[in-house]
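Peer 1: Residues per chain, in single letters:
There are 2 protein chains.
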Amino acid sequence: MTPARRAVRVFAPGSVGNVGPGLDIMGMAVAGAGDIVEATVAERPGVVVLDAGHPELPREAGANTAALAAQAALRLAGGTDAGLSLRITKGLPLSGGQGGSAASAVAGAVATDRLLGLGLSERQLLEAALAAEACVAGWHLDNILPSLVGGIVLIRETASYDYVKLPVPAGLRVVLAHPAQRLRTAEGRAVLPRELPRDVALHQAAQVAAMVLAFATGDLALLRRALDDRIAEPARAPLLPGFREAKAAALAAGALGCSISGSGPTAFAFAESAAAGERIAAAMRAGYAAAGVESVTRVADVSRQGAQVLEGPA
Amino acid sequence: MTPARRAVRVFAPGSVGNVGPGLDIMGMAVAGAGDIVEATVAERPGVVVLDAGHPELPREAGANTAALAAQAALRLAGGTDAGLSLRITKGLPLSGGQGGSAASAVAGAVATDRLLGLGLSERQLLEAALAAEACVAGWHLDNILPSLVGGIVLIRETASYDYVKLPVPAGLRVVLAHPAQRLRTAEGRAVLPRELPRDVALHQAAQVAAMVLAFATGDLALLRRALDDRIAEPARAPLLPGFREAKAAALAAGALGCSISGSGPTAFAFAESAAAGERIAAAMRAGYAAAGVESVTRVADVSRQGAQVLEGPA
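Quick mapping for you: the protein sequence lines, in order, are chains A and B. Residue 314, in the working numbering, is where the first sequence stops; the numbers in between run on with no holes. Residue 628, in the working numbering, is where the second sequence stops; the numbers in between run on with no holes.
Check each hint, because a few of them may be wrong.
Okay, the calculated beta carbon distance ranges per label pair [said to hold, decoys possible]:
| id | chain 1 | residue 1 | chain 2 | residue 2 | range |
| --- | --- | --- | --- | --- | --- |
| 1 | B | C449 | A | G218 | 52 to 62 Å |
| 2 | A | A170 | B | D476 | 22 to 32 Å |
| 3 | A | R184 | B | A535 | 36 to 46 Å |
| 4 | B | R498 | A | E195 | 21 to 31 Å |
| 5 | A | P193 | B | V505 | 34 to 44 Å |
| 6 | B | D476 | A | E122 | 35 to 45 Å |
| 7 | A | E278 | B | A566 | 51 to 61 Å |
| 8 | A | A170 | B | Q622 | 34 to 44 Å |
| 9 | B | G360 | A | A286 | 51 to 61 Å |
| 10 | A | A190 | B | D476 | 29 to 39 Å |
| 11 | B | A600 | A | A170 | 47 to 57 Å |
| 12 | B | A566 | A | E195 | 28 to 38 Å |
None of these hints come from the bench; they were simulated from the model. Each residue gets a CB set at the ideal place from its N, CA and C atoms; glycine is no exception.
The following block holds chain A by itself, in its conformation from the complex:
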């Protein structure tokens, strides 16, 4: 196989997994921050990580999500003796709940595909990224998928990669509040109940359906009523000092809803406008501060675009 280029750089945006009641089945790409993977052709076969992007991230290809995704992409292309080197630039926090591992995996898969001209399909790129994500966060598409394709997505069925991309209501902004804490996805998953009372499960189903309808029709009042997660948030909130205070502050400041991004610790809120977003962000910082927790916030658009090749010099 002849490399398509000598080097390629791919950006993949961060994302909010779960999106409130949408545990494992809804995700949303967030504009602004993301991870970048630069892939270059190497002489020796296989994948090498030259820079993991953070001193705490592994450089071993068998433990690095970008490299795992690159290896899976090579396998899905039918196996090749191509060699490539990766340099990762982390724009997303580690164990922050902003889809950092998924973004690195997606960028790793797409960079490998573009560098070597593998011609992988969207589904194969998802498979490659999921093979990596599964090692650190479980077999879930709710970060991988929006990071690759952008927007707000409903995953109808993970096994068949069947999803629907939802319209993004005009004016909608996402507020992310990142408290000075880390929470490994595995910890955030361990506290989820394995069994659910039927009425809780059915209530959650109704909320997910109502949220999806709210996005489809731009009905923000419905979104406000539907963002009511009774499965993941009650289980995870006790692990997250300051979350309850920050959520109460966000709602008091006019947020359309507020919940935990992925398994946390980042909290997200929906705002009707950029100005409302700034007010809500300030309220959330004050909420965390009242609980003795420092936090940083940002107000962003939903990213309509997913992963993309960056042109021009690094």
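Using the hints provided, position chain B relative to the given structure of chain A.
Peer 2: Relative to chain A, chain B alone:
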């Protein structure tokens, strides 16, 4: 309070509760068959049933759903010493899974309101009908609501009567197949699991959301993929001889999906056109017949209209 009329007749359509994965939270009014309640002013206060519409239905006001709803309507109007008599005409089968008790309750509430000019709100009518329905079928709006307001509905929250009416895709037809069997709602509910594995609950939530989106956008291919109930149907199918055969036949004949209407025994299927509906109906009869079960079928529109006053002579 002065009666608005001396007599009034109200028709309320039958309905499909649950609508596949939408256990307790989705319902759909079906055109054609329904129950009629004729209310007339009586001299003695209270509610009397002159004709229950079927020899097996109770004439005691405290056990008849139309009368229970009439009594609840009087209470919600602030209590009155009005007297009224009810004559019920059952167009829906008993214990058939076609929303017969709900239709009688809705017609009873609406007839009482119109007869006496009570001026009850939609929510009060729902409350009155639900008070009756709860005695026979549980605290669920999935038949009551479509029978009152028509269409296909998502119930976001039962406690607050918060719902959304969904668009009905053009051409969509409903096939109802009624096997020669009865199943009391209480029996159909008793077999439902009280606790659900988390992955089953989340899969179901994704299906409900995808179905709602399919109706909202007219995406019948998505409807076909999403009509996959892994909670109620697997629990109830063993109670329903011939259902599995009828469902397989419906799908083979091109149905967009097939499941149990309410808690059964009626099965429903979605068809893309009236002609497809007839083919599917024939296939379902043959499926039941192959299992030694007689059945009757009909092909109907979703009823955009809910309960309505019938004008003219009875």
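Peer 1: It remains to establish, for every hint, whether it holds in the given structure.
Peer 2: For each hint, the structure was consulted:
no.: 1; hint: B:C449 - A:G218: 52 to 62 Å; in the structure: violated (40 Å)
no.: 2; hint: A:A170 - B:D476: 22 to 32 Å; in the structure: holds (24 Å)
no.: 3; hint: A:R184 - B:A535: 36 to 46 Å; in the structure: holds (39 Å)
no.: 4; hint: B:R498 - A:E195: 21 to 31 Å; in the structure: holds (28 Å)
no.: 5; hint: A:P193 - B:V505: 34 to 44 Å; in the structure: violated (23 Å)
no.: 6; hint: B:D476 - A:E122: 35 to 45 Å; in the structure: holds (37 Å)
no.: 7; hint: A:E278 - B:A566: 51 to 61 Å; in the structure: holds (57 Å)
no.: 8; hint: A:A170 - B:Q622: 34 to 44 Å; in the structure: holds (38 Å)
no.: 9; hint: B:G360 - A:A286: 51 to 61 Å; in the structure: holds (59 Å)
no.: 10; hint: A:A190 - B:D476: 29 to 39 Å; in the structure: holds (33 Å)
no.: 11; hint: B:A600 - A:A170: 47 to 57 Å; in the structure: holds (51 Å)
no.: 12; hint: B:A566 - A:E195: 28 to 38 Å; in the structure: holds (35 Å)
When the structure is compared with the earlier hints, violations turn up for hints 1 and 5 and for no others.
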